[in-house]
Amino acid sequence: MATDTVLQEESQTQDSWSGGKKPFEISYGKLMMWYFLVSDAFTFAGLLIAYGAIRFSMPTWPVPDFVFAKVPFIDIEAPLVFVTFMTFVLILSSVTMVRAVQEGARENKSGVVKWMLWTIVGGATFLACQAWEWTTLIADEGMTATIDPFSNHMEGGVYMSGDELVKEGFSKHKIETHGSQDEGHHVEDSHGAASDKYYYLPARAKDIEENRYFVKADHHGNVLAGDKITAGDPYLITYSHDSHLYEFGAIKTNAGEITKESNGPVAFGSLFFFITGFHGFHVLSGVAFLLIIVINVGGGLYEKRKNGYEMVEKIGLYWHFVDLVWVFVFLVFYLL
Amino acid sequence: MAHLSYEESKKAVFKGLLLLGVITLAEVFIALIGNGHIIEGFELPIWIMYPAMISLSLYKAYFIVYQFMHMAYEVKSLALSVLMPMLLLVWGIIAFFHEGVSWKERRELIKEKNEKEAKSQGMLYDSETYKDLI
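Protein sequences appear in the order of chains A and B. Under the working numbering, read the first sequence as residues 1 to 336, first letter to last. Under the working numbering, read the second sequence as residues 337 to 470, first letter to last.
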């Protein structure tokens, strides 16, 4: 009776402890990959939660569908179109990865190579897209880790013209641009508009960047003086490629005050580049690992192991994790 | 996909692609229509948009982890050992978002107080007390 149960228990524990059993019935390598992904998930979660905390602490924050509205080759406003495309590329690469793992389970070497190569193409495409996105934001729009040219108007008003500024007592100064090297020769800048650009200083103010007022113009050179502003409207401070200056547009508020556009929260630029950069780094390392493993597959290394191409499964877990992180980065940065 | 045949498994993967694609489009659609990009001037309130987009993303996460990463076919305790720590993040989110809001409120309070007129008060006592000392 009592001795029976003790003996029963002993044989049970002997089975568990006599070796040859895997915890959770999973191989060591796969289990450790899962736990690495848990730790990486916490890293990304920490970054995204920091983004949330900082965003909640700011009176205003750039509007995502205004910031991320550019697409390659076509000069239109297409809010969120490009980043949605990037999301699809990554989802597709996850699907090709699942196919690679399925072919591995059947010990089909050529199938594994084919589907892994498609996954690599997907990853490389995503990286190229991200590089284009960064280039557009940095080079075209002048966004950096410390400068955020995207912001929102806090109160209503109207953009002022050069004449109105002069009437209010501002002094007019010519900007030295590339085009104005030739004296007396009316040179056109890259947009075909007149290269005579001016900035305005308030009466008796020192000629430093903080004191410069500009007539608002967009990147095409269209002057927006006279355009009405409503509180909450998003704006982008035009970064001029000729003068390398941020042209803070002069505004007359509805209350009659003369003010100008100001930069958005610094944290936006630093958070955006750091988090998307950190994610992109994961995509890059994922592509590197996929290349190494697909070469090994081609060379027959995993065929010899006869374990259903478990290495492909493991890198597949990492790749799906990268896709998963993007789902949340996409949600937090572009949708919310 | 352990219990499905090869053909069925292949079909299931592409069904998964379609599912994720449709959900992503739905999320983006909600974001665009809620901000007035599809119907001019139409706006959805945040308390409709955000829960909708967040729950769609959570569903995508569940699908990727359970189907693409095969968690559905693993031992339950493995799934728990991976997912239970994520519950800590729920508290992390609540705590830090509350923190962020509190920073904003404190900044506004400071700004408000800075703009208030200060009464000239001398040191600690009012002018009545000083009258006799001068």
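To be clear, the hints were calculated from the coordinates, so they are not data collected in a lab. Hints are not guaranteed to be accurate.
Okay, derived cross-link-like pairs now, DSS-like style, lysine-lysine, Cα gap no bigger than 30 Å in a straight line [unchecked claim]: (1) A:Lys22 with B:Lys412; (2) A:Lys30 with B:Lys412; (3) A:Lys304 with A:Lys30; (4) A:Lys228 with A:Lys252; (5) B:Lys351 with B:Lys412; (6) A:Lys22 with A:Lys314; (7) B:Lys412 with A:Lys21; (8) A:Lys260 with B:Lys452.
Which stretches of chain A does chain B cover? Using the computed rule of at least three CB atoms under 8 Å from a CB of chain B, they are [stated by the list, open to error]: (9) 45-52; (10) 75-89.
Idealized CB from N, CA, C, for every residue including glycine.
Here is what the structure says about each hint:
1. Distance hint between A:Lys22 and B:Lys412 is fulfilled; the C-alpha atoms sit about 14 Å from each other, no more than 30 Å.
2. This hinted pair checks out: A:Lys30 and B:Lys412 have alpha carbons roughly 15 Å apart, not beyond 30 Å.
3. Between A:Lys304 and A:Lys30, the direct Cα distance comes to roughly 19 Å. Compliance with the 30 Å bound is thereby established for this hinted pair.
4. Proposed proximity of A:Lys228 and A:Lys252 is supported: the alpha carbons are some 10 Å apart, at most 30 Å.
5. With a C-alpha separation of about 25 Å, the suggested pair B:Lys351 and B:Lys412 falls inside the 30 Å cut-off, and the hint holds.
6. Taking the CA atoms of A:Lys22 and A:Lys314, the gap is near 17 Å; set against the 30 Å cutoff, the hint holds.
7. Between the alpha carbons of B:Lys412 and A:Lys21 the distance comes to roughly 16 Å, so the proposed pair stays at or under 30 Å and holds.
8. Our distance criterion of 30 Å between C-alpha atoms is met by A:Lys260 and B:Lys452, whose separation comes to about 25 Å.
9. Only residues whose beta carbon comes within less than 8 Å of a beta carbon in chain B count, and the segment 45-52 of chain A has 5; three or more means the coverage holds.
10. Interface restraint, the segment 75-89 of chain A with chain B: holds (5 residues with C-beta to C-beta distance below 8 Å; minimum three).
Of the numbered hints given earlier, the model fails none.
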